[in-house]
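Novice: Chains A and B are the protein sequences, given in the same order. The numbers in this note's numbering rise by one with no breaks, and the one at position 7 of the first sequence is 7. Position in the second sequence (first residue = 1) + 1000 = this note's numbering.
Hints are computed from structural coordinates only; laboratory data are not their basis. Think of the CB as a built atom: it goes at the ideal place given N, C-alpha and C, for glycine as much as any other residue. Be aware that one or more of the hints could be misleading.
[Said to hold, decoys possible] Distance windows between CB atoms, simulated: (1) B/I1417 to A/W122: 45 to 51 Å; (2) A/L11 to B/D1136: 39 to 45 Å; (3) B/L1418 to A/W122: 41 to 47 Å.
[As the list claims (entries may be wrong)] Straight line, CA to CA, 20 Å or less: simulated SDA-like cross-link-like pairs of lysine to any residue: (4) A/K161 to B/Y1323; (5) B/K1131 to B/P1086; (6) A/K265 to B/R1427; (7) B/K1027 to A/L350; (8) A/K31 to A/Y19; (9) A/K34 to B/G1326; (10) B/K1118 to B/R1172; (11) B/K1033 to A/S268; (12) B/K1033 to A/R267; (13) A/K454 to B/N1260; (14) A/K354 to B/R1427; (15) B/K1033 to A/E260; (16) A/K271 to B/L1042; (17) A/K354 to B/R1031; (18) B/K1028 to A/T359; (19) B/K1027 to A/T359; (20) A/K265 to B/T1034; (21) B/K1428 to A/R267.
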Amino acid sequence: MNEYTLLILLLLISLLWFYFGNKIALSLKNKQLKLNSLPHYYGMYVALYSIIPSLFSYLLILVFDGILFSNLIMEFVPKEILNSPDFNKIIVLAQIDNAVRGIYFGEQPDWVTVASNQMIEWNNQSLILNFFCSISLALGIGYLGFKNIHQEFRSRNSVEKIIISLLGLSSIIAILTTIGIVFSVIFESLRFFAIIPASEFLFGLTWNPQFEGAERAGSGQEGLATYGSVPLFVGTFLISLIALCVSVPIGLFSAVYLSEYANKKERSIFKPLLEILAGIPTVVYGFFAALTVAPLMRNGGSLIGLDVASESALAAGFVMGIMIIPFISSLSDDVINAVPQSLRDAGYGLGSTKNEVITNVIIPAALPGIIASIILAVSRAIGETMIVVMAAGLAANLSFNPLDAVTTVTAQIVTILVGDQEFESAKTLSAFALALTLIVITLILNFYALHVVKKYREQYE
Amino acid sequence: MNKNNSKMLTADEASKIVASSVIRRRKKNARLKTYGRIAIGLAVSFLIFLFVSIFSKGIPGFFQYYVTLDVFLDRDRLDPKGDLSPESLYNGDARSIVLESLYKVIKPKGRKEKKAAKKIISSNADVRISKMVLDDPNILGKIIPITFAVDDDIDSFLRGYIKRETPSSERRINDKVIKFVDKLSAENKISYKFSDYILTGSASRSPEIAGIKGAFIGSMLTLAVCFIIAFPLGVATAVYLEEFAPKNKITEIIEVNINNLAAVPSVVFGILGLAIFIGIFGMPRSIPLLGGMVLALMTLPTIIISSRAAIRAVPPSIKDAAYGIGASKLQTIFHHVLPLAMPGMLTGTIIGMAQALGETAPLLMIGMVAFIVDIPGGVTDPGTVLPVQIFMWADFAERMFIQKTSSAIIVLLVFLILMNAAAVILRKKLERRW
Chain A
1 MNEYTLLILL LLISLLWFYF GNKIALSLKN KQLKLNSLPH YYGMYVALYS
51 IIPSLFSYLL ILVFDGILFS NLIMEFVPKE ILNSPDFNKI IVLAQIDNAV
101 RGIYFGEQPD WVTVASNQMI EWNNQSLILN FFCSISLALG IGYLGFKNIH
151 QEFRSRNSVE KIIISLLGLS SIIAILTTIG IVFSVIFESL RFFAIIPASE
201 FLFGLTWNPQ FEGAERAGSG QEGLATYGSV PLFVGTFLIS LIALCVSVPI
251 GLFSAVYLSE YANKKERSIF KPLLEILAGI PTVVYGFFAA LTVAPLMRNG
301 GSLIGLDVAS ESALAAGFVM GIMIIPFISS LSDDVINAVP QSLRDAGYGL
351 GSTKNEVITN VIIPAALPGI IASIILAVSR AIGETMIVVM AAGLAANLSF
401 NPLDAVTTVT AQIVTILVGD QEFESAKTLS AFALALTLIV ITLILNFYAL
451 HVVKKYREQY E
Chain B
1001 MNKNNSKMLT ADEASKIVAS SVIRRRKKNA RLKTYGRIAI GLAVSFLIFL
1051 FVSIFSKGIP GFFQYYVTLD VFLDRDRLDP KGDLSPESLY NGDARSIVLE
1101 SLYKVIKPKG RKEKKAAKKI ISSNADVRIS KMVLDDPNIL GKIIPITFAV
1151 DDDIDSFLRG YIKRETPSSE RRINDKVIKF VDKLSAENKI SYKFSDYILT
1201 GSASRSPEIA GIKGAFIGSM LTLAVCFIIA FPLGVATAVY LEEFAPKNKI
1251 TEIIEVNINN LAAVPSVVFG ILGLAIFIGI FGMPRSIPLL GGMVLALMTL
1301 PTIIISSRAA IRAVPPSIKD AAYGIGASKL QTIFHHVLPL AMPGMLTGTI
1351 IGMAQALGET APLLMIGMVA FIVDIPGGVT DPGTVLPVQI FMWADFAERM
1401 FIQKTSSAII VLLVFLILMN AAAVILRKKL ERRW
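Excised from the complex, chain A in its bound form (with noise of 0.2 Å):
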């Protein structure tokens, strides 16, 4: 008996419900009566009445549970290590998760094992309460769904409303998203510019979370580690710029010969082939940019008497950019083949070559959607994560200088958060902080670039 099982007895309930609706609309017809809705919908109305209010509260138990017991449990955690600085309570539930899947490392404090036993009977309880509630919802309600059968009732239109209703609710799962991902970041955030000035997140020139104690927050020493954020930034930027200068000429000239140049058969083999270098998973690249790029460069540095480090941000640019070629050659083609045909056809009609059509009519005409094309590649390359964090290292230089190491936003946010982490230091917030910054980067260049493809469109159609 687990959440499985009874949530297929619900499944099963329904079911049961439907057999027992479309019954009793099938002896209806079979006295000869008008029913007003075909059959099967007496049974879908019915199913659905039982398997909706169940479902409902089986899931709401099921989260809910999770939330009251993971604090209800810090009873039983002792108060030493509830005050201590270095309390975490991710990691205090996941020693009592281990403890009641029965997995042990070492040694277990009394405590856990206390609270692993009281966890294990509260989710027993809840198991029991769960499946009252939800069987006897989805019997209960299931009759009354039932009991409203007659001749005259109009069970399509029910069940449609139901449906209808069902469908609006699943599109506010994107708002919630978005409102999510907000709530996640600004709290946080906000928790971090008390702690750190916005000024120094935004201006300070050295990065280095790593000394992070008691020194910023107790003893009001200024602290070893120090929040600026403008290393981060000129990485992100220099990183994005070498993508970019990869990626434009060639994604640009292979947007132009395969619209205005190639043969039906070259532009059939070649488009797929661009696209494949979109769909080749990050961490893939990654792997390539510092075991073959990197080291390509390195040696090919000393040979012309260059030092480039071995996590190099030119590495990691480069690869980047191959990356994000097919994202500007795609969207480039696309709109080069949405410039009307009569356009062309005038400028060939003038005498113009079609190199002269192309760079006078075509690019003039495309260049509002080229443009946007190049902001999404670029709000791609800003937000892009594993080739950072693979190849272009941890370093927080401030540098512009293409052969040394640096370090960017998502690269910085990736190894603050990854592992155990106390959510209350300054080091773990400015994780927060800085995605804060990162998606409002990136909504900023996507708005603009959608206003412009929209305003663009409106123009030809």
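Mind docking chain B on chain A? Use the hints.
Specialist: Leaving out everything else, chain B in the frame of chain A:
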């Protein structure tokens, strides 16, 4: 220019001017065409370079070196309790039995040489024997040839990555070990064959026995959760927005919102999972259920956008015909529009799933980076996924992990290619031209 406009050119003069510039202009045109060709050539050669560099490292990763030894499977020492239970075999002395049969071949002298000889065979050899005995207890008491994986350093040496010429102090293996390996090669005890571990092994710190099975199953479980959540929700949202949503502010907000979600960097979804699902809902870390939920939220915009396009592509005549014979709006949609839009929606979904399969950053943040040896049995068991496994292996220093990482990448790429090919075939096969 003004000068030309002011007086009319004769036809001859005009054609002369044009003719004189034509060659130059054609050359310019040819130049642009060449630039285009070069650009595509560069992009394609990057692609080829990437694949060649991964495959040239990854294909050897599917193979490894083994040493074959005649092992006397002493019943009393392997199974001290005599009940053939896993615990009894675990307490048995398999390791020294393996070492003894190794000593018989290479005949080390003294403690130092014995210590060197120990380094040749993978530390997993005793597990292998226990497994064989559990599978077939009849082999106890016999002398049978068994192949064991060699240690990763020896493997790298045999592949030539660790050079004989390098001074002993800078090598990871010393001269004695090399002498023994030479002896084993001379007696034909060393073989190179398809790895037993890469596809069926689980995460391990010893590269010679590390495999991707656990990560692979974790990936499949995560993807299954992602699909179960994202596909119905995505299609339902698309249907609602295309067919039912009233044209008002709220609908507009939802639409803008979906477009913006598609642009949010994936790492932010990891933060969402960390702060909301783990922080507030108290879900355990590292489980495929959580990973699948985060990835579902990430792929939802892709699925919604492509599903809406597919629904929009169904011609209104189909709907009108359905309405004409008395179908309700919902019947029209579920019986006629959705089946016709399904290929398009599935294509978008498969592409979204392929994205989710390759995604790493958000999963790192919700703890799927933990070192987990057990193979997950369900969506609530801690596990890891293929891309994260690749990321972890890429960080390890042992030379053999580079090959193993490349092999894991090949498996991942094969799956992505299969999924994308399925999407293309689906689109080609079921696509209708109206």
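Novice: Hint by hint, note whether the structure agrees.
Specialist: Evaluation of the provided hints:
1. B/I1417 to A/W122: 45 to 51 Å: With Cβ atoms ~47 Å apart, the hint holds.
2. A/L11 to B/D1136: 39 to 45 Å: holds (43 Å)
3. B/L1418 to A/W122: 41 to 47 Å: Since B/L1418 and A/W122 have Cβ atoms about 44 Å apart, the given range 41 to 47 Å holds.
4. A/K161 to B/Y1323: holds (18 Å)
5. B/K1131 to B/P1086: holds (9 Å)
6. A/K265 to B/R1427: Between A/K265 and B/R1427 the Cα gap is close to 19 Å, so the pair holds against 20 Å.
7. B/K1027 to A/L350: The given pair, whose Cα atoms are some 19 Å apart, holds under the 20 Å limit.
8. A/K31 to A/Y19: holds (18 Å)
9. A/K34 to B/G1326: holds (17 Å)
10. B/K1118 to B/R1172: Measuring from Cα to Cα gives roughly 14 Å; hence the hint holds.
11. B/K1033 to A/S268: holds (18 Å)
12. B/K1033 to A/R267: holds (14 Å)
13. A/K454 to B/N1260: Holds - the C-alpha atoms of B/N1260 and A/K454 are around 15 Å apart, at most 20 Å.
14. A/K354 to B/R1427: Not satisfied, since the Cα-Cα distance of roughly 34 Å exceeds 20 Å.
15. B/K1033 to A/E260: holds (9 Å)
16. A/K271 to B/L1042: holds (14 Å)
17. A/K354 to B/R1031: holds (11 Å)
18. B/K1028 to A/T359: holds (11 Å)
19. B/K1027 to A/T359: Since the Cα atoms of B/K1027 and A/T359 sit roughly 14 Å apart, the hinted pair holds (cutoff 20 Å).
20. A/K265 to B/T1034: holds (18 Å)
21. B/K1428 to A/R267: holds (17 Å)
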